[in-house]
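Here are the chains, one letter per residue:
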Amino acid sequence: MAHDAFKLDDYNALPDEDFRALVRRFLAQNHPPHLRHPAKRLHWDDAEPWYMILSAAGWLAPNWPRDHGGMGLNPGKQLIYVEEFEKFGAARTPDHGMMLLGPLLINYGSEEQKAHFLPRILSGEHIWCQGYSEPNAGSDLANLRTEAVLDGDEWVVNGQKIWTTLAGDADWIFCLVRTDKTGKKQEGISFLLIPLDTPGITIRPIINLELDDEFSEVFFDNVRVPKGNIVGEVNQGWTMAKNLLGFERIFLGGPRQSASALAKLRRLGQHYGLLDDPAFVDRYAGFQMELEDHQAIFSRVADKLRRGERLGPEVSFLKLNQTALYQRITEYGLELMAEDGGLLAPLMGSNDLAMPTQFLNARAATIYGGTTQVQKNILAKAVLDLP
Amino acid sequence: MAHDAFKLDDYNALPDEDFRALVRRFLAQNHPPHLRHPAKRLHWDDAEPWYMILSAAGWLAPNWPRDHGGMGLNPGKQLIYVEEFEKFGAARTPDHGMMLLGPLLINYGSEEQKAHFLPRILSGEHIWCQGYSEPNAGSDLANLRTEAVLDGDEWVVNGQKIWTTLAGDADWIFCLVRTDKTGKKQEGISFLLIPLDTPGITIRPIINLELDDEFSEVFFDNVRVPKGNIVGEVNQGWTMAKNLLGFERIFLGGPRQSASALAKLRRLGQHYGLLDDPAFVDRYAGFQMELEDHQAIFSRVADKLRRGERLGPEVSFLKLNQTALYQRITEYGLELMAEDGGLLAPLMGSNDLAMPTQFLNARAATIYGGTTQVQKNILAKAVLDLP
Amino acid sequence: MIPEDVLSSMEMIRDSARGITGQDLTRIRKLRYGSPGFDRAVWSEICALGWPALRLPEDRGGVGLGLLPYAALAEEAGRALLPEPLIPAVLASALLDGAALEAHLDGARLVIPAWTEARGTLEPAGDPAIRDGKVTASRIHVPMAAGADALLVVGATQSALVAADAPGVTVITDETQDGGHVAAIRFEDTPCAVIAADPRPALAEAALATAAYLLGLMEGALDMTVAYLKQRVQFGKTIGQFQILQHMAVDARLEIEVSRASIEQAALQWDREGPTPAAQAAISRAKARASASAMKVTRDCIQLHGGIGFTDEHDIGLYLRKAMVEAARFGGPSQHRARFARLKPVMQEA
Amino acid sequence: MIPEDVLSSMEMIRDSARGITGQDLTRIRKLRYGSPGFDRAVWSEICALGWPALRLPEDRGGVGLGLLPYAALAEEAGRALLPEPLIPAVLASALLDGAALEAHLDGARLVIPAWTEARGTLEPAGDPAIRDGKVTASRIHVPMAAGADALLVVGATQSALVAADAPGVTVITDETQDGGHVAAIRFEDTPCAVIAADPRPALAEAALATAAYLLGLMEGALDMTVAYLKQRVQFGKTIGQFQILQHMAVDARLEIEVSRASIEQAALQWDREGPTPAAQAAISRAKARASASAMKVTRDCIQLHGGIGFTDEHDIGLYLRKAMVEAARFGGPSQHRARFARLKPVMQEA
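Protein chains in written order, with our numbering: chain A, 1 to 387; chain B, 1 to 387; chain C, 1 to 350; chain D, 1 to 350.
What the hints contain is simulated information worked out from the structure, not anything from laboratory work. Watch out, some of these pointers could steer you wrong.
Said to hold, decoys possible - Covered stretches of chain D (in silico footprint by chain A; criterion: 3 or more residues with CB under 8 Å from a CB of chain A, positions within the stretch not fixed):
id	stretch
1	222 to 232
2	243 to 250
3	255 to 262
4	338 to 347
Unchecked claim - Covered stretches of chain B, going by a simulated chain D footprint (3 or more residues, C-beta under 8 Å):
id	stretch
5	206 to 215
6	336 to 345
7	366 to 376
Source: prediction; values computed, not measured. Idealized CB from N, CA, C, for every residue including glycine.
Okay, chain A solo, but in the shape it has when bound (with noise of 0.2 Å):
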């Protein structure tokens, strides 16, 4: 593939709209055909060719900077990426590398951290998961329990995580442990790198609704890690992950997973003959101006980064508002299928028509990442100034 003709020096300088036809054009010639529009969360088997493309091109993370091998996009540039992969349906590659850990360790690493795991984060060397959730410190994730402590040069790790997405992929985990018990509970927390192959470490699936092992439970008994794996000052890994919450916090919000449950819909309206049934195009037409209207919001944020606003707490507001539409939709669907709707596999054998499994991935979109209820509360306060 001809991927140099998608490298350039500074994506930045092209004009919107022609950076916006590049990452078409991208998409188009790259993105594996197969691939698109993905009923579930892939596993690194099925990502891995598509995220090699991205990492021969150079165009893996957007949001880091050239020097580090990022695209070095600035905020409008990302959104238009985000904004593209998104409309195109591009499918996500197990990320949390690119995602989080590099923006962290290019903010918070030490030269020699960033030196050793950047490069190998864009290789595709290291797949990484994210450890932060445990089984009493979900909501409250402060409330986190998982301990480090350091005994010689290394630390040693006891606890256990959960909700790990694609741990068993993963070939690292960073991870949020507590080496202060004293103090407040958001102090006293540390950032640590750990390899997943150290003795001690045990990973268990969790089936998901969807009957899928997209989740795990990882536990940690006695693992010894080297002192030098922990990212920033010791005691200070709550704070730096607050601050990183940016780029990926509006991925949250985007409207790909309603976008989705209503193009199922609509197969789903072809399919039963129901394009012409009044009642069918009222509640199709309603969820589809819910649709572009959620579009509206979320742009209207995007235009915030593009001025290169911070995102305040309001940007919570495009996940409640996709989560709740993305459910309605499915449950809709749902019940438009009747009989159909209790049907394990896809109708037909299609993925186009699976809205019994993407009603049960929406059960899922107003409980990660912050529940629904967890997100109202922190609106209150911080946007409404509630007492």
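Using the hints provided, position chains B, C and D relative to the given structure of chain A.
What follows is chains B, C and D alone, placed relative to chain A:
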């Protein structure tokens, strides 16, 4: 009118179906036709003829014992009475004397109080209103501050009541007043009877969203009331008032409001020629099903009364369900009217089409008699045993 | 008001049901996604208790109970997520007779009805084509067909009884979300016995029983959820202290209360007056309500559980998956709303 | 993205609007249920600021601003519950010309358009019958007609301008919930001047402006409500501490955020590409959203106020009453959903 035909020695001896037929006959023969399905709560001037008919027939107080001039109905028969009055669309009279004060006097009043007040309620000589809520004691009623201080043989009352229904029509008010400021809020509250022509009382009507003066504020400025006007023991008013919640609680959850709104919706459908419109028919059928479901749950709770069981906190489900339905019917009705929904006067001058007024009225339904939010708080604890 | 004797037979049948259904969902979980997806030994116990004969008059070998006790039984079945095909079997009982009925009732030869050619309807398919004692027809969404000894090809006025292993029977089985399965079945010149009967009243009863099954399912889901709310701690509080979660649980309880009232009222009316249009409409109302409520309640129960609710390991998901299947069986909310509207036109009632 | 120069003209017009609308609702309350229901002196100020000329190109005596700044102005008008007939006047401006336009713009002769014969539509009525310079027609729901100097009888391709006191004009005025009024008007051989114009683009702009008015109204209602939540004490807490009330307020804020985005996006698209089907659809989307959101937000604001919210004395009710009128003007949610579906058939877009 042949009232005597409806005077029986023992209504409870009649089989239920016979009694039901009797109530229907009574209403058909005696209820003033122009007062059926009133759009608003009737003032005394309008309600008086109907009140006097009930009084003359001995049908005013279904819930009072016969030896106090009531009908002496058992719970099952009371239900039938209420159900048939609701079904018929019988007008509610200013009935606080019969509904609330009467049972309280019968249970807790002195012989002298019973002998004096009960006959005057029945005869229409005394029309009563209720003084419970205050500006800072709404949902949190126990917070009430209107105080009565004993000065010789008189209570001196100072303070303010609000949301007093039909105060302007009443001769007397029964109040919860604070007689002791020490101890818990619920203690130190007494039940006091006050003639509204006592010097120092000012009544100020409050115009509500329906632009109607159903409610008033009542101000007490050194109002002197005879010591003997306390009902029951001093400082026991809260307990007495709470204990009396029975017969009238089921009233709050009856289907009347939703039934009335649905009847208007049907008339509107007719008026706009929508009775064959599939979208209208679908929505209408949905509401009718919900109304019948409500009637089913209402009957189920009523059956408990019939079996002589005491109504628990779950009776509040009736009000929650009915008021939510009532609001949704009127919201749909209003939207159906399009620009006509913005008109102040009833369409075509017909109360049968007065959906905007009904819509506004429905706003109050989830506020008065315990807001939806406060009721759910109570139910969470009382029914689900949540902490 | 439900008569005292009916109330007590409802209590009795509930007790007997609890004996079968057990205390937890371990058995249910084990049977999922297997074949036939239910336990034939449990089915024998069920037959021994006379459940498939519940609605049959005593002169047909039945127990002669009303629809209300049947609903109470179905509710208990739903609370336990019973996978055994109780409701299809009761439907078959209503249509069978003679030796076939006897074998069906004693559990020796389980008959599953195949009554529809279309999704989203309570109307039976047209009569199957029967010539020279052989039936040709297609049916879809036949529940638990892989566990049947015989199939009843139900038509609007006559039905055909065939052995499951008879020639000309082609079964395509699809798994369902709850761990059970349904079949699309083609009958091609399959030897059969012909039975004349109108299946509509029995189909309406099946709809009502399914509503009751969903009611029990909601109760089970909410009970589990309320227990979780009292136990799970976040932000230093049991999460049941959070007002927003309390109100979600109260809303779920209300859905259950209304569903119960709707179902019991419909069954009472049916037992009193038979399949009148009003009683038919009441059944549609109850099924529409229970289907919609069950979906809402089980969805909200997942949300109230948070992350753990999205795992297949936690039992709360079993209720949602079962609701996904049963909410649509014998008609879902929109079909029953349309049926109600046909039975009770707008202008008919105040 | 909104261009910088448009953003700054939006800011300017907002500032100028705030100069007119004042800080509280005392004036609004006084004008309710009177005739003409608005203040002619304020109207003169409004004209002096050039608002009715806002959308007109400069060569027609206008300000030449886009739909986005107009929406910003309408939003401020809505926040203040402005009773003066701004949106009808802007609609008239688009259709008038010559001396009539001039007199309309400078406030000397206010023209109110009468464009519909039916409720629930954004389609103009058919052309009025005009013979020998005299018009015969009927129009309904003409806003604030009692305050008009002239009426424009709008038709699909031509319109007729008549003096309000011309012979043959019969006006039946009905009060509206917000304290304003509308008229059903019969024109019978009324002398008129004829104007040829297609009113549809201007009607679509009026729909978008009404959406923006509703947006401002929601903002005003929620601001007042959030202030109340911080001040009202019950059970020993400011009620804004109760999670359930917090979430209701957050939900209202979300409705507002989405309405704003929808409105601004539709206006931006219209300013860019003119009345294309896609831009028309975007306006329908924005109006449907704002109408539905405004009803929901103002209803919930009443609930959040509790008892005091149900009194006419408290200002929060003014927002609900205004929403009851404006939500339906130039089409409500169901009409605009249908219009959207016509403009964007199901299969058209992903």
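Within the assertion that chain D covers the stretch 336 to 345 of chain B, do at least three residues meet a Cβ-to-Cβ distance smaller than 8 Å?
Coverage by chain D holds for the stretch 336 to 345 of chain B (9 residues, Cβ < 8 Å).
How about the stretch 243 to 250 of chain D: do at least three of its residues have a C-beta closer than 8 Å to a C-beta of chain A?
It holds, with 5 qualifying residues against the three required.
Please check whether the stretch 366 to 376 of chain B has three or more residues whose CB lies within less than 8 Å of a CB on chain D.
Coverage by chain D holds here, the residue count being 7 at a Cβ distance below 8 Å.
Between the stretch 206 to 215 of chain B and chain D, are there enough contacts, at least three residues with CB-CB distance under 8 Å, for the coverage claim to hold?
holds (count 6)
Are three or more residues of the stretch 222 to 232 of chain D within 8 Å, CB to CB, of chain A?
holds (count 3)
Do three or more residues from the stretch 338 to 347 of chain D put their C-beta atoms closer than 8 Å to C-beta atoms of chain A?
The restraint on the stretch 338 to 347 of chain D holds, since 6 of its residues have a Cβ under 8 Å from chain A and three suffice.
Annotated coverage of the stretch 255 to 262 of chain D by chain A, confirmed only when three residues or more have a Cβ within 8 Å:
Coverage by chain A holds here, the residue count being 5 at a Cβ distance below 8 Å.
Hint compliance for this structure: every hint is met.
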